[in-house]
Amino acid sequence: MNRAIRLIRRRAISSIPVLLIVVVLTFLLLESASGDAVDAYLLSIGGGDATVAQSLRQAYGLDQSMFARLWLYVSSLARFDFGWSVAFGRPVLDLVLERLPNTLLLMGSATALSFGFGSALGIVAGSKPESVRDRALSTGSLILYAIPSFWLGLVLSIVFAVQLRWLPTSGIETIASGKTGLARAMDIARHLVLPVAALALIYMALFLRVMRWGMAEVWTLDFVLFARSKGLSRFRVVLRHVARNALLSLVTMLGLQSAAMLGGSVVIESIFAIPGFGRLAQEAVGGRDAPLLMGIIVVSAVLVICVNLIIDLVYAALDPRVGASERGT
Amino acid sequence: MTIANPSRRTLLQAGGLLLASTALPTFTLAQAAPAGGRLVVAADSEPKNLNPAIVASNGVFFIASKVVEPLAEASFDGKDGLAPRLATSWEGSADGKSVTFKLREGVKWHDGKPFTSADVAYSALAIWKPLQNLGRLVFANLETVETPDATTAVFKFSKPTPLQLIRNALPVVSSVVPKHLYEGTDIATNPANVKLVGTGPFKLTEYKPGEYYRLTRNADYWGKGEPKLDEIIFRVLPDRAGAGAALEAEEIQLAAFSAVPLTDLARISKVPGIKVISKGYEALTYQLVVEINHRRKELADVKVRQAIAHAIDRKFVVDTIFLGYAAASTGPVPKNAPEFYDASVPTYAFDTAKANALLDEAGYKKGANGTRFSLKLRPAPYFNETKQFGDYLRQALAAVGIDAQLVNADAAAHQKAVYTDHDFDLAIGPPVFRGDPAISTTILVQSGIPAGVPFSNQGGYENKELDGIIAKASETIDTAARTELYKQFQKIVATDLPLINVAEWGFITVARDTVQNVSNNPRWAVSNWSDTALKS
Chain A
6 MNRAIRLIRR RAISSIPVLL IVVVLTFLLL ESASGDAVDA YLLSIGGGDA TVAQSLRQAY
66 GLDQSMFARL WLYVSSLARF DFGWSVAFGR PVLDLVLERL PNTLLLMGSA TALSFGFGSA
126 LGIVAGSKPE SVRDRALSTG SLILYAIPSF WLGLVLSIVF AVQLRWLPTS GIETIASGKT
186 GLARAMDIAR HLVLPVAALA LIYMALFLRV MRWGMAEVWT LDFVLFARSK GLSRFRVVLR
246 HVARNALLSL VTMLGLQSAA MLGGSVVIES IFAIPGFGRL AQEAVGGRDA PLLMGIIVVS
306 AVLVICVNLI IDLVYAALDP RVGASERGT
Chain B
-19 MTIANPSRRT LLQAGGLLLA STALPTFTLA QAAPAGGRLV VAADSEPKNL NPAIVASNGV
41 FFIASKVVEP LAEASFDGKD GLAPRLATSW EGSADGKSVT FKLREGVKWH DGKPFTSADV
101 AYSALAIWKP LQNLGRLVFA NLETVETPDA TTAVFKFSKP TPLQLIRNAL PVVSSVVPKH
161 LYEGTDIATN PANVKLVGTG PFKLTEYKPG EYYRLTRNAD YWGKGEPKLD EIIFRVLPDR
221 AGAGAALEAE EIQLAAFSAV PLTDLARISK VPGIKVISKG YEALTYQLVV EINHRRKELA
281 DVKVRQAIAH AIDRKFVVDT IFLGYAAAST GPVPKNAPEF YDASVPTYAF DTAKANALLD
341 EAGYKKGANG TRFSLKLRPA PYFNETKQFG DYLRQALAAV GIDAQLVNAD AAAHQKAVYT
401 DHDFDLAIGP PVFRGDPAIS TTILVQSGIP AGVPFSNQGG YENKELDGII AKASETIDTA
461 ARTELYKQFQ KIVATDLPLI NVAEWGFITV ARDTVQNVSN NPRWAVSNWS DTALKS
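Quick note, the sequences are listed as chains A and B, same order.
For the working numbering, count along the first sequence from 1 and bump the result up by 5.
Take the second sequence: its position 77, counted from the start at 1, is 57 in the working numbering, and no numbers get skipped.
If you are wondering where the hints come from, they were derived from the structure by calculation, not from laboratory data.
All values derive from a computational prediction rather than experimental measurement.
Treat the hints with care, since some could be wrong.
Unchecked claim - Computed list of lysine-lysine pairs in BS3-like fashion (alpha-carbon distance at most 27 Å, straight line):
| no. | chain 1 | residue 1 | chain 2 | residue 2 |
| --- | --- | --- | --- | --- |
| 1 | B | K136 | B | K109 |
| 2 | B | K175 | A | K184 |
| 3 | B | K334 | B | K295 |
| 4 | B | K345 | B | K136 |
| 5 | B | K515 | A | K184 |
| 6 | B | K188 | A | K184 |
| 7 | B | K59 | B | K175 |
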């Protein structure tokens, strides 16, 4: 238990400079892009004269120097004040909290499914490397992994929503349906099937490959040879010895993928019109909405840090060697 | 659903309409359209300020025009091309310094308060003139609005202001908002800018960010028997492929503003139960324009500009980029504005040989590598078609020995590069013709506009004669004389080519066959839809 607490404390402290770097870099990156929030806004309303542009820049605080704005932002962030979105005219925190659950639901379901099926299929493939089923699964996963998610999303939508009409084409729930409770949950689940499938299928391929590759490596180790020569059943060797050891690299992968999936959700949320985090980020960049984009990046960074912390804790539980050396420091 | 209880009178009316229908266009049958139902429409953006009195833009009008009404709406067959809304008549004085509006009686705001001339006076003086993106120009010389009684508003101008301009601008600049909710507040941040309160056929009853707007029937609407629909839902579908799929799956019934991309139209028009309509955007004509930076020495030479005009195959642009859903342009005023349009201007037929000859004449001979000079070309990213035309123009210019370097940027970056930093030689822009050249067309060629004003002359072009005509037209009261000035304006622009007009287009509406009375006015997508109905 002490190991876990030490780990959390160390991570919490080291994440502060990480967040600070993320904030400053995002700010500079957005600052270096040509055009500001006023350019983007004037375009969306079809133009306006010079006075309008000037008064808007004043209202948005864009007439101040870059450093003044950066300092203002960082200092208010330190007080947990995320500021005001210029593109939406609403507090950033409200927007973020409104959209975050949808993305977490999408990502959570996709991650759970891809991890579950990916590792299971990986065990099937890795239980006998170079066998026919291994080759079939490995090739299949390679093809799946090469498919761009937007394409898969569109194809799934055309087949299952437009042609077969089994599922809705887009949205997070039936609009203005007035559904509540279980009916609403079922409705949301129905809407999530296609976007989750589009995200999960591709990541499933990745988990499958990592699992299979890890197992193939473990097979060559001496202790497996020992287990087999001891006369253990193949089934037992596969699950208890080979798969279990290969699982470690899969857990690492899970942590890395949580960040990648946040990026992948940008595309999927646009295609399936899900009001989530990814789409909000896209709109923030298009509108040159610095406070909103930074709010999104900071929350995403915190999410990724948290997920990785959990992964580390799980890893430590799975592998007793991890963190053991820190004792006494 | 309201249950129809037809009286003898309505039956007679219906009979009369049936008789009349043989002589009238089909949409007049509207009166007999069924009542009730929910219309679900694709929306691609969620404006942060939904108040059309402040932001006169199509994105805002698309949703807000059903809730907040203007004094008059554009019409195919009405007098002056207008149909009365909150005003029933308008008359200008002989000196051009006052316009009298008679207002509709018995109109109520959605919160139950009566609509009066005080609301019009307040909207005009406190919002249209000082705050609205287009009203600032149209009402620049508005001094006061007198309200002798509750249904009369007299607009007083400090300088003669053409009634023709006011009339043409009415549908766009005259959205009336309730004085009692705005007076004494900070107008820019008033909550009513998002939770709209208007007089229109629908009330804005729910907004779920990222998902939908719900508009509900206004039972107290002044229009007899209107609106037909119980509800309109604007469903936010940011992805272009999404709108087409949702239409096919019958999740939505209508997608306006070419939400279904042109390349999908041929296929989707074959889907049973779906219609593709190109009518209803006549008063919102977009123009495909090559903007020119006259600070470049080569481009300051009219021969070079003429050569570029000759190098463009307008037919190819219309047929291949717009798939036929556009028309070739001859000048800065589109054919959809017959009041002003003049066809007798110099035109530039597609002629590579002539373009080459003109460039030789101008002294820009082809170098050893076949190139005369290089240009920076920035296509606006706002439409697929502007980007595709960028690719085309690059090739068209290469054919006459001009090497165009394409610079693609996102919307905000393009905006700044062209209209503030002047970091372009050629740019491709999609300006809009808004019913009168004075609203957003003359600004494209007029000189003296400060940097940073989007969709204006930022190419450093200066023509004293043209500036003079523009200034004179802005204060010419006589409609015929003013129209004549704009014909001269078109001739000079087409001759001197401060910019090159390539094509003009309206958008496409795709709807299920069950939606009735679609596209029955020249601003249909941004009008109030009070007669739009659903056949069950």
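Here is how each hint holds up against the structure:
no.: 1; hint: B:K136 x B:K109; in the structure: 13 Å, holds
no.: 2; hint: B:K175 x A:K184; in the structure: 24 Å, holds
no.: 3; hint: B:K334 x B:K295; in the structure: 17 Å, holds
no.: 4; hint: B:K345 x B:K136; in the structure: 58 Å, violated
no.: 5; hint: B:K515 x A:K184; in the structure: 26 Å, holds
no.: 6; hint: B:K188 x A:K184; in the structure: 15 Å, holds
no.: 7; hint: B:K59 x B:K175; in the structure: 34 Å, violated
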